[in-house]
Structure formats: C-alpha cells, structure tokens
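Sequence order for the protein chains is P and V. Here the first sequence is numbered in the numbering used here, starting from 8 and rising by one per residue. Here the second sequence is numbered in the numbering used here, starting from 8 and rising by one per residue.
Same chains, same names: a pair is fine if it fits in one copy or spans any two.
Here are the computed lysine to aspartate or glutamate pairs in the EDC-like style, where the Cα-Cα straight-line distance is at most 20 angstroms: (1) Lys553 to Glu522; (2) Lys245 to Glu120; (3) Lys553 to Glu405; (4) Lys459 to Asp513; (5) Lys245 to Glu184.
In case anyone wonders, no lab produced these hints; they're calculated from the structure.
2 protein chains.
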Amino acid sequence: MPHAPAVPLVVGVDFGTLSGRAVVVRVGDGAELGSAVTEYRHGVLDERLPDGRALPPEWALQVPADYVEVLRTAVPAALRDAGADPAAVIGIATDFTACTMLPTTADGTPLCELPRFAGEPHAYVMLWRHHAAQGQADRINALARERGEAWLARYGGLISSEWEFAKGLELFEEAPEVYREMAHFVEAADWIVWQLCGRYVRNACTAGYKGILQDGAYPSEEFLAGLAPGFGGFVRDKLDHPLGRLGERAGGLTAQAAAWTGLPEGIAVAVGNVDAHVTAPAAGAVAPGQLVAIMGTSTCHVLNGAELREVPGMCGVVDGGIVSGLWGYEAGQSGVGDVFGWFVAHGVPPEHHEAARAAGVSLHEHLTALAAEQAVGEHGLVALDWHSGNRSVLVDHELSGVVVGQTLSTRAEDTYRALLEATAFGTRRIVEAFTGAGVPVTEFVVAGGLMKNRLLMQIYADVLGMPLSVIRSQQGPALGSAIHAAVAAGAHPDVPAASAAMGAVDRAVYRPVPEAVAAYDALYAEYLALHDWFGRGGNDVMHRLKARRRAVRSGPAVHPDPAGEVEAPALEGAGATGTGR
Amino acid sequence: MPHAPAVPLVVGVDFGTLSGRAVVVRVGDGAELGSAVTEYRHGVLDERLPDGRALPPEWALQVPADYVEVLRTAVPAALRDAGADPAAVIGIATDFTACTMLPTTADGTPLCELPRFAGEPHAYVMLWRHHAAQGQADRINALARERGEAWLARYGGLISSEWEFAKGLELFEEAPEVYREMAHFVEAADWIVWQLCGRYVRNACTAGYKGILQDGAYPSEEFLAGLAPGFGGFVRDKLDHPLGRLGERAGGLTAQAAAWTGLPEGIAVAVGNVDAHVTAPAAGAVAPGQLVAIMGTSTCHVLNGAELREVPGMCGVVDGGIVSGLWGYEAGQSGVGDVFGWFVAHGVPPEHHEAARAAGVSLHEHLTALAAEQAVGEHGLVALDWHSGNRSVLVDHELSGVVVGQTLSTRAEDTYRALLEATAFGTRRIVEAFTGAGVPVTEFVVAGGLMKNRLLMQIYADVLGMPLSVIRSQQGPALGSAIHAAVAAGAHPDVPAASAAMGAVDRAVYRPVPEAVAAYDALYAEYLALHDWFGRGGNDVMHRLKARRRAVRSGPAVHPDPAGEVEAPALEGAGATGTGR
Numbered sequence: 008m009p010h011a012p013a014v015p016l017v018v019g020v021d022f023g024t025l026s027g028r029a030v031v032v033r034v035g036d037g038a039e040l041g042s043a044v045t046e047y048r049h050g051v052l053d054e055r056l057p058d059g060r061a062l063p064p065e066w067a068l069q070v071p072a073d074y075v076e077v078l079r080t081a082v083p084a085a086l087r088d089a090g091a092d093p094a095a096v097i098g099i100a101t102d103f104t105a106c107t108m109l110p111t112t113a114d115g116t117p118l119c120e121l122p123r124f125a126g127e128p129h130a131y132v133m134l135w136r137h138h139a140a141q142g143q144a145d146r147i148n149a150l151a152r153e154r155g156e157a158w159l160a161r162y163g164g165l166i167s168s169e170w171e172f173a174k175g176l177e178l179f180e181e182a183p184e185v186y187r188e189m190a191h192f193v194e195a196a197d198w199i200v201w202q203l204c205g206r207y208v209r210n211a212c213t214a215g216y217k218g219i220l221q222d223g224a225y226p227s228e229e230f231l232a233g234l235a236p237g238f239g240g241f242v243r244d245k246l247d248h249p250l251g252r253l254g255e256r257a258g259g260l261t262a263q264a265a266a267w268t269g270l271p272e273g274i275a276v277a278v279g280n281v282d283a284h285v286t287a288p289a290a291g292a293v294a295p296g297q298l299v300a301i302m303g304t305s306t307c308h309v310l311n312g313a314e315l316r317e318v319p320g321m322c323g324v325v326d327g328g329i330v331s332g333l334w335g336y337e338a339g340q341s342g343v344g345d346v347f348g349w350f351v352a353h354g355v356p357p358e359h360h361e362a363a364r365a366a367g368v369s370l371h372e373h374l375t376a377l378a379a380e381q382a383v384g385e386h387g388l389v390a391l392d393w394h395s396g397n398r399s400v401l402v403d404h405e406l407s408g409v410v411v412g413q414t415l416s417t418r419a420e421d422t423y424r425a426l427l428e429a430t431a432f433g434t435r436r437i438v439e440a441f442t443g444a445g446v447p448v449t450e451f452v453v454a455g456g457l458m459k460n461r462l463l464m465q466i467y468a469d470v471l472g473m474p475l476s477v478i479r480s481q482q483g484p485a486l487g488s489a490i491h492a493a494v495a496a497g498a499h500p501d502v503p504a505a506s507a508a509m510g511a512v513d514r515a516v517y518r519p520v521p522e523a524v525a526a527y528d529a530l531y532a533e534y535l536a537l538h539d540w541f542g543r544g545g546n547d548v549m550h551r552l553k554a555r556r557r558a559v560r561s562g563p564a565v566h567p568d569p570a571g572e573v574e575a576p577a578l579e580g581a582g583a584t585g586t587g588r
Numbered sequence: 008m009p010h011a012p013a014v015p016l017v018v019g020v021d022f023g024t025l026s027g028r029a030v031v032v033r034v035g036d037g038a039e040l041g042s043a044v045t046e047y048r049h050g051v052l053d054e055r056l057p058d059g060r061a062l063p064p065e066w067a068l069q070v071p072a073d074y075v076e077v078l079r080t081a082v083p084a085a086l087r088d089a090g091a092d093p094a095a096v097i098g099i100a101t102d103f104t105a106c107t108m109l110p111t112t113a114d115g116t117p118l119c120e121l122p123r124f125a126g127e128p129h130a131y132v133m134l135w136r137h138h139a140a141q142g143q144a145d146r147i148n149a150l151a152r153e154r155g156e157a158w159l160a161r162y163g164g165l166i167s168s169e170w171e172f173a174k175g176l177e178l179f180e181e182a183p184e185v186y187r188e189m190a191h192f193v194e195a196a197d198w199i200v201w202q203l204c205g206r207y208v209r210n211a212c213t214a215g216y217k218g219i220l221q222d223g224a225y226p227s228e229e230f231l232a233g234l235a236p237g238f239g240g241f242v243r244d245k246l247d248h249p250l251g252r253l254g255e256r257a258g259g260l261t262a263q264a265a266a267w268t269g270l271p272e273g274i275a276v277a278v279g280n281v282d283a284h285v286t287a288p289a290a291g292a293v294a295p296g297q298l299v300a301i302m303g304t305s306t307c308h309v310l311n312g313a314e315l316r317e318v319p320g321m322c323g324v325v326d327g328g329i330v331s332g333l334w335g336y337e338a339g340q341s342g343v344g345d346v347f348g349w350f351v352a353h354g355v356p357p358e359h360h361e362a363a364r365a366a367g368v369s370l371h372e373h374l375t376a377l378a379a380e381q382a383v384g385e386h387g388l389v390a391l392d393w394h395s396g397n398r399s400v401l402v403d404h405e406l407s408g409v410v411v412g413q414t415l416s417t418r419a420e421d422t423y424r425a426l427l428e429a430t431a432f433g434t435r436r437i438v439e440a441f442t443g444a445g446v447p448v449t450e451f452v453v454a455g456g457l458m459k460n461r462l463l464m465q466i467y468a469d470v471l472g473m474p475l476s477v478i479r480s481q482q483g484p485a486l487g488s489a490i491h492a493a494v495a496a497g498a499h500p501d502v503p504a505a506s507a508a509m510g511a512v513d514r515a516v517y518r519p520v521p522e523a524v525a526a527y528d529a530l531y532a533e534y535l536a537l538h539d540w541f542g543r544g545g546n547d548v549m550h551r552l553k554a555r556r557r558a559v560r561s562g563p564a565v566h567p568d569p570a571g572e573v574e575a576p577a578l579e580g581a582g583a584t585g586t587g588r
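Input sequences plus hints: build the corresponding full structure.
The following block contains the structure:
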C-alpha cells in the first residue's frame with residue numbers, strides 16, 4: 008500500500024549560555040511542531056573546574072560533552088514533542104554563542120577530555136564571556152593601531168577580549184603545553200557541526216566577526232610575532248581552515264550522530280552559525296536596511312547592507328556574515344535585560360516585592376505597570392545604560408552606569424523606567440551611527456525575550472520614532488537554524504528564499520506616538536550630552552573609578568573605619584543576576 | 008532650720024520640626040539633670056488643615072497652640088525627670104526652627120486662632136520648609152540683582168523661598184485679608200518668647216539670617232514697592248521691631264507662663280534663638296574658626312569669624328548672629344540624613360531588611376557595617392548629594408542627585424557608602440569656600456543625630472583631612488538654649504563664658520588616616536568635577552529635567568504606553584522619609 012509522502016521537516020538546535028534548545032520545523036512554512044530544552048550539566052564554570060580546582064575572577068569555561076548531551080536528549084525529545092516521524096527530517100543545523108572557543112586534537116577531541124589535561128583550565132571551552140584575556144586584547148589593539156592595520160576599522164577600532172586572537176594569545180602565553188598539543192583552535196559553533204557530520208568546516212560568520220578574517224586574509228604572521236615571540240604561526244598552525252558559507256551543507260549526519268539524535272544517517276548538516284545572526288532569517292529580515300535587535304540580557308543588532316561602509320563603533324562588518332552575498336553588520340549593547348535584572352534584584356524595596364507577590368506578577372511586571380502610568384519625563388531622570396560597559400558605539404567596557412536627577416521623591420518605578428529608556432536611547436545612538444555612516448536602517452525588528460515587555464517596546468518605538476516589527480517565533484534562533492538546515496538540505500534555494508517561506512514577523516506592532524516622540528527627542532539630547540561627556544573624554548571619571556576599584560581590590564586595603572569593629576551580620580549571597588543569553 | 012541654698016538651674020527648650028524638648032541644666036557646669044519631649048499634636052500640616060481643607064503641594068504649616076503645649080507638658084515633665092525643685096530655676100530660654108513665621112494681632116494672638124481665619128491656610132504658622140513662595144523668592148532675587156542691592160552678597164547671592172520676605176510677599180499677594188489684619192509677621196522663635204514673657208522682642212539672629220537686616224537696615228521701601236504695588240510698607244508696618252541680642256533678657260516669666268510651666272514667676276526669659284546657632288555654645292565652640300556642623304536630616308554649619316567676609320554661596324553672615332560681637336557665618340547642606348533615609352526607604356532590597364531584622368539592628372546600622380568593610384574607592388562610585396538641592400555653595404534647589412559608576416556588581420551597601428561620602432565631599436566644598444574667602448576653619452565640631460554613625464564620622468575626618476571634635480551633649484540645642492538662659496539670668500557674664508562653663512566637646516575623637524586622606528583627595532577631585540559641570544552651567548540637564556517634570560505634572564499627560572492597560576497593583580503609600588529636624 009503506497010503511503011503519502013512525509014511532509015519534510017528540519018531540526019534547528021540553539022546552543023545558548025546555559026542550555027540547548029531543539030525545535031522541529033516544517034520546511035514548507037516554518038511551522039514549529041515541537042521543541043525541547045536541555046540544561047548543560049555543568050552550566051558555566053566560573054568558580055571552579057569539575058575537579059574542584061578554583062578559577063580566577065573573569066574566567067568562564069564550559070564542558071564540551073554538555074553540548075553533545077543536548078544532541079542526545081533535546082533533539083529526540085523535540086521529535087517526540089512534535090509527534091514527528093524522524094524519517095521525515097531532511098536536515099539539521101545549529102547556532103551557538105560566540106566567540107566560544109576550544110582547543111582540540113587533529114580529530115576534534117577536546118583537549119580537556121585527554122586525561123592529562125583534565126585539571127588544566129585552559130584545555131576547556133572558553134565561553135564568550137570568559138574575560139581573562141583583556142590584557143592580551145589591549146596589546147592586540149595597541150599594536151594594530153601602531154602598525155595601522157587596515158582590519159581594525161572593520162571592528163569599530165577595537166578587538167574584544169572575547170574574540171579568537173585574545174583567547175588564543177592567552178592560551179599561548181599561559182598554557183604553552185596546551186597550546187603545543189592543540190591541533191585546532193575551534194569555535195564551538197563549528198565543533199558541534201564537526202560532531203554531527205565528522206568534518207571540520209569553519210563558518211564564515213565567526214571567522215569574520217571573531218576571527219578577523221577580512222578580504223580573505225587574517226592578521227599577518229608579522230603582526231602576530233609582534234604580539235609575542237613564537238605566536239607568529241597561530242593562524243597558520245592553529246586557526247586557519249577551509250570556510251563554509253552560511254546555509255551550505257557541511258556534510259552528512261554520521262552514524263554516531265544519527266544514533267545520538269534518532270535522525271536519519273546522511274541527512275544534511277549545515278555550516279555552523281551564531282545565535283544572533285541566525286535570528287535575522289527567522290524574522291524574515293535579511294534584506295538591506297532591516298535591523299534585527301535580539302533583546303535579552305544584552306542586545307545584539309544585526310543588519311545587512313548592500314555595500315561596505317565603516318561604521319564608527321560597530322562590532323564588525325563581514326562579507327556574508329549574516330547571509331551570503333551581503334555585508335553583515337553587527338552592533339550591540341552589553342547590558343539590557345541584565346541591567347533591568349540587576350536593578351530589580353538589588354534596588355527595589357520590600358513593599359514592591361510584596362505587592363508583586365500579592366498581585367501574582369513578577370517584579371518586572373509590577374514595576375512596568377507602575378512605570379507605564381507615567382508620562383514621558385515625569386520621573387525627572389536620565390540614565391546611561393553602561394552598567395556592563397558600552398559595546399557600541401563607544402566600544403569601551405570600562406564605562407559604567409549613571410543616573411542623573413534623583414530627588415527624595417524618586418521611587419523604584421521611576422529609576423526602573425529611566426533604565427528602560429536609557430537602553431532605548433542607546434539603541435537610537437546605534438541606529439544613528441549606522442544611518443550616519445551610510446548604512447540605512449529602514450525597519451526595526453525585535454526578537455528575544457524582552458519583546459514581551461509592551462511598555463519597553465512602546466518606549467523603543469517612541470524613542471526611535473519608528474514603528475517596531477516583532478518576530479513571530481518565540482524561539483527565533485532555533486527557527487533560524489532550522490531555516491539554514493532547510494537550505495543545506497536543498498529544500499530552498501538560499502537563505503533569503505527560505506527566510507521568506509519559513510520566517511515570520513508582525514509589522515508595525517508598536518507605532519510611535521507623536522507627542523511622546525517629541526518629548527523623547529529632548530530627553531535623547533540629554534542622553535547624548537551625558538554619553539559624549541562621560542564616554543568621549545569630557546570626563547574620564549569612569550575609567551579612573553574602575554582603575555581605583557581594581558587597584559584597591561588587588562592591593563592592601565585602606566580601611567578607614569572604626570565601625571569595622573561592628574559585627575557585620577552574615578548576608579546570603581546577594582544573588583546572581585540573570586545570565587541566560 | 009537654715010537650708011542649703013539651692014544649686015541654680017536653668018531650663019532650655021528646643022522647638023524642632025515635629026516636637027519640643029525641654030532640658031533642665033545646672034548653671035555651674037552644664038550638667039543635664041532631666042529632660043522631656045512633647046510631640047506636636049498636629050505635627051506638620053502638609054496635606055490639609057485641621058478642618059480637613061486640602062493644601063496645595065509645597066505647603067507646610069503648623070499650629071501655634073502645639074508650641075504652648077510643649078511649655079505646659081515638656082517643661083514640668085523635665086523638672087520631674089530631673090527631680091529638681093522648680094524654685095531653683097533662675098531662667099528659661101528657647102530655640103526654634105527658622106525661618107518659621109506666623110501672622111499675629113497686636114497682642115500676639117495668632118490669626119489662625121481668630122474664628123474667621125480658622126479655615127484660611129495663610130493664617131497658620133508657615134514652617135521653615137513651607138516652599139510655596141519660590142515664585143516670590145525668584146522675583147526678590149531678580150529685582151535685587153537688577154538693582155544691585157548690596158545686601159544680596161551677604162546671602163551668597165540668593166534669598167531663599169523659606170525666608171521672611173518671600174513668605175511675606177506670598178501672604179500679601181495670596182491672602183490680602185490676612186495681610187491687612189496682621190499687626191506683626193513674627194518668627195516663631197520670637198513668638199514663643201512673647202508667650203513666656205508677654206513682650207515681643209525680635210532676635211538678632213533670625214532678623215539677620217532670615218530677615219535681611221544688614222548694617223542696621225532692611226531692604227528699602229522702594230525695593231519692596233518694586234516687588235508689588237502696596238508691598239512697600241511691609242517692613243515698616245509688619246516686620247520691623249526692636250531687636251534683642253542673643254543671651255539678653257527679653258523679660259520676666261509671666262504669671263500665666265509660670266502656671267503653664269511650673270516655674271517661678273518673674274525669672275529671666277532669654278531672647279529667642281535658632282536651633283542650629285544655639286548649638287555652637289553647647290559645643291563650647293564659639294571662637295572664630297570653630298565650625299559646628301549640626302548633622303541631621305540636613306546639615307547646618309555655623310562658624311564665627313572676627314571679620315566680615317563675603318563667602319560665595321554661603322547662607323548668610325550676620326553681625327552677632329551666633330554670639331554678640333562676632334560675625335556669624337552660616338552655610339548648609341539641604342539633604343544629608345534625609346538622603347540616607349530616602350535610600351534606605353526606597354533603594355534597599357528585602358534581604359538587607361531581613362538581615363538587619365535578624366541581627367536586631369536598624370537598616371542604617373546594617374548597611375553601615377557592610378560599607379565599613381570596604382576600602383576607600385572599592386565600590387567604584389562617586390555621587391552628588393543634591394537630592395534636596397544644594398544650599399551651599401551653589402545655592403540652587405533645582406539641582407538633583409547623581410550616581411556615577413554603577414555596574415552589575417553594585418550592591419546597596421556600595422551606593423549607601425557613596426552617599427555618605429558625597430555628603431562629606433559637600434561639606435569639604437563648604438569648608439574650602441570659607442577658607443578660600445578668608446574665613447579660616449581651624450576646628451570641625453560635629454553635633455546632631457548623625458554623630459552616632461562612626462563610619463560616617465571617620466569618612467568626614469578622612470575627606471576633610473581634619474580631626475573631628477564631637478559635642479558631648481546628646482541634646483545640643485536644648486543645652487544651648489539653657490546656656491542662653493543662664494546668661495539672661497546673669498549667672499554668667501556672656502555667652503562665651505557660659506559656653507566655657509556649661510558646653511562640652513570631645514576633641515579629635517576621629518582622626519584622619521593618611522592613606523584614606525590621600526585616596527579621598529582623588530575622589531574629591533572627581534566630585535568637584537561633577538559638581539562644577541552639573542552645578543555651574545557645564546550641563547544644565549538638572550534644571551531641564553525638573554522643568555520638564557513640572558510641566559508634565561501640570562499639563563496634559565503624554566502616556567505612550569499600551570501597558571497602561573495592565574492593572575497596576577495597589578501600592579501602599581511609599582512611606583515618608585524622615586522629617587525630624
């Protein structure tokens with residue numbers, strides 16, 4: 008008896024900071040049929056290794072086996088959730104945090120899995136927010152400026168401590184044995200693809216944004232040798248590898264990966280990708296001018312442009328960085344939801360906690376409802392949203408937060424609203440940087456967890472003076488991966504076509520209100536004046552305060568206080584701010 | 008049988024913002040034998056009159072009968088507490104908040120006690136922090152500048168809305184019937200003396216600091232007429248009255264007042280005084296160069312100088328304003344304990360409340376203990392202490408608070424400490440203004456409720472780079488009044504002599520720690536840079552934010568928010584910040 012041909016499906020897997028999410032998607036229309044999440048067993052190692060060895064501050068590692076566990080558990084669970092026949096799945100694709108790096112042997116075995124390196128911190132995955140290589144990044148930037156390296160402008164003038172060269176130099180200098188043993192220094196985005204298809208393909212996105220690959224070339228051997236004797240071969244020996252374009256087939260699913268996932272052996276495995284960038288096609292927003300803001304703990308802005316422009320203070324511009332054939336621009340705000348979360352955790356008095364509890368809403372919802380009662384400017388505050396530094400357009404992680412205008416009448420909801428607004432002003436500054444550099448922003452598309460906050464969305468529409476489109480999917484990155492899987496499997500000719508068929512956005516969900524736009528224009532002018540004074544050298548107090556803080560914390564303490572004699576009551580750990588990315 | 012002559016005693020009564028305190032003091036050595044407090048029955052009327060009539064914002068009234076009740080209850084209670092024979096009391100003196108004004112008939116009856124004015128807000132006592140006359144103050148200042156009035160410089164260039172002329176003009180313009188009926192516009196400091204001795208004597212202190220009496224003259228009739236037609240006779244008809252010097256005898260205790268208080272009829276009643284100024288003799292600090300900081304919800308600085316100097320941004324300089332024969336300088340910080348109280352009430356998360364409760368300490372004590380663990384600069388913050396505006400040296404109540412340097416690691420104790428430090432920096436700025444203008448500050452003496460906070464005291468010593476002396480009395484103003492009573496009764500020849508015998512201070516209780524002094528020098532430079540930028544026109548954002556806030560609150564609201572639809576949970580009144588003065 009002939010049976011109806013199965014409707015073709017794809018699987019997208021989004022590897023975040025704390026967990027991996029798999030989603031099963033229909034190739035024809037992008038319908039999300041089922042999904043499942045697996046938390047990483049080891050989470051983020053930022054205090055100690057699995058063997059208990061303590062880690063220094065600023066470290067953040069992961070365990071690669073945790074990623075494989077996502078393939079073994081979340082993918083089959085998503086298939087079950089969808090009620091899908093695995094045989095209908097024609098491709099799988101993944102996206103990952105970046106820049107997240109691990110050293111491997113020639114066959115892709117993570118060095119931390121070799122018994123002799125199990126106790127060696129540098130042999131583990133260095134997570135994107137491993138920030139121990141700031142000294143190396145500073146030297147990279149200083150030398151690049153000194154030598155006038157042309158690639159520096161492609162990154163807004165600053166290479167991040169999070170990226171491949173800073174982390175590689177840290178490894179070279181601090182763990183020479185690991186560095187010697189390492190055959191490849193691999194993006195986790197590519198390592199997971201390697202596990203799926205048995206083949207190492209380096210994706211064009213991270214190679215460009217995090218690996219300083221511009222116009223077909225990496226930083227020169229001469230430049231690298233100038234950073235440290237013996238480091239000249241880093242690109243040639245450890246980093247360089249044939250590239251795959253986004254949406255290309257990296258290989259076929261191996262028998263082992265088929266066994267892990269329950270998917271058919273040999274189906275298409277797509278080239279690796281990055282969580283933020285893959286969200287653009289999920290929102291159907293890959294045309295030049297469509298800026299996608301993935302708003303969560305931090306915000307990442309991705310935007311295609313038809314031409315190459317150097318935008319001051321952006322994170323990077325990469326040929327084919329978002330979709331092949333266009334210049335992919337990236338910018339970002341280091342702290343957004345993180346800043347709101349910090350305030351809610353550490354700046355709100357008990358009566359609000361009680362009121363929220365009584366109303367059965369979160370503290371965020373409670374403060375948002377109070378803040379929503381206010382007219383623009385009613386709280387009398389203006390804030391700078393730099394609690395985590397400024398990623399764009401100042402590219403300065405030594406900056407910090409400011410609130411101006413507090414009085415004895417200032418209440419928690421006032422400050423909360425001022426912080427919401429501050430992030431909107433920061434976004435407008437970025438949009439204006441693009442526009443001013445000849446990269447027009449014609450549509451503002453929101454994705455990410457913060458799109459749930461309707462007040463925040465309306466503030467963004469009013470501050471930007473633009474309507475806001477909103478991605479329809481609740482799991483944009485995983486859907487974006489599924490779109491790449493469909494392209495890799497040949498079900499759609501390219502990512503824009505697949506995006507048109509499978510991605511979805513609701514247009515002009517939030518429309519600017521003219522009176523609010525006018526009021527925010529004036530407040531934005533205040534933000535800009537503070538932005539430039541504190542951020543462009545008018546007053547370098549933030550740098551000095553951070554330097555002093557560091558000096559005090561590492562040096563002998565200056566304790567002025569006789570009150571130190573007072574017994575300080577024991578305090579519970581003040582609680583981590585949200586870290587999901 | 009002869010009995011031993013009674014040891015002579017005096018009574019001092021301190022009339023604060025919320026209550027009056029009487030203390031019984033031994034004339035010979037200032038020993039405080041007993042005390043008692045009476046809360047004002049009507050407290051501060053800032054929302055409605057006793058009859059329920061609503062008051063506009065910025066209003067703050069009191070009921071004069073409440074003051075008499077203090078005489079009737081607190082004085083006898085203090086005598087009982089002291090176990091004192093009332094017959095041993097040879098004098099009584101009072102101090103009061105200022106500028107606190109009331110309109111009276113020719114015999115001193117408050118107009119609000121006339122039945123036809125019982126429902127008229129302007130007929131009540133206008134408390135020092137009645138701030139409804141800002142518009143009048145602005146016009147006074149504008150006209151004074153325009154006419155080049157010489158007296159303006161004696162007040163740092165600005166007459167406050169709290170003072171006699173602004174309040175008088177408000178009365179003239181807004182309640183002409185009350186103004187017409189009023190025989191005298193009287194300082195409460197003098198009205199209470201009138202109740203005690205049956206005689207109206209205007210004290211030199213408030214006449215100078217609040218009444219613009221300089222070099223024997225008030226603002227001219229021509230000036231007053233320029234403010235408003237018909238106001239030219241304000242001084243002549245309503246305000247002017249023979250003066251009494253501080254420590255002089257205003258009269259003898261009347262039979263009625265003797266009945267109220269239980270004190271002997273006819274004993275000396277001293278000329279009225281002001282709470283802050285009277286504290287200097289209680290601290291034994293009336294010599295030129297001894298600055299007394301009365302630190303409570305706000306801070307008042309009083310300092311004698313041998314010569315007249317014009318100090319930019321001080322509150323006032325008055326001949327005999329603190330003790331006869333010297334120039335009395337006054338400066339102030341509008342918000343000190345108020346700012347700490349605001350932060351504790353509105354910026355501290357529940358875990359600290361719980362920890363403080365568990366430890367059986369106040370939230371202030373709890374945060375202080377945590378803050379005391381820190382080295383100077385460890386929190387990475389610098390703040391401006393202008394939540395209530397800046398009384399000295401910028402004399403600008405449109406300024407507001409700032410915190411710079413917040414990160415996701417910032418905790419409540421960090422901000423708390425930064426606010427403590429900000430007030431210390433503000434104090435240093437004032438000390439430097441005096442020193443820079445040729446009024447040397449050779450000793451820094453602390454009085455007031457905040458002297459209990461040892462960390463705060465040590466921070467002040469380190470920030471000022473000076474040892475701190477601390478008043479010994481816990482009830483400085485009442486003791487200061489008692490000292491004036493002793494002088495008025497002839498038990499001591501003058502206030503300095505009485506102060507030497509009866510006042511007391513502990514010297515160099517807090518000594519600056521050299522490393523902390525150096526660290527704070529650097530942070531003070533940061534404070535100054537922010538102070539001048541935000542406070543001297545570098546960026547007038549604070550003025551604009553307040554103007555916008557006022558415009559929004561009075562005009563049609565600009566509500567951008569669809570989230571307004573969200574039901575806002577009912578909130579308990581967020582709780583008043585401490586108001587005791």
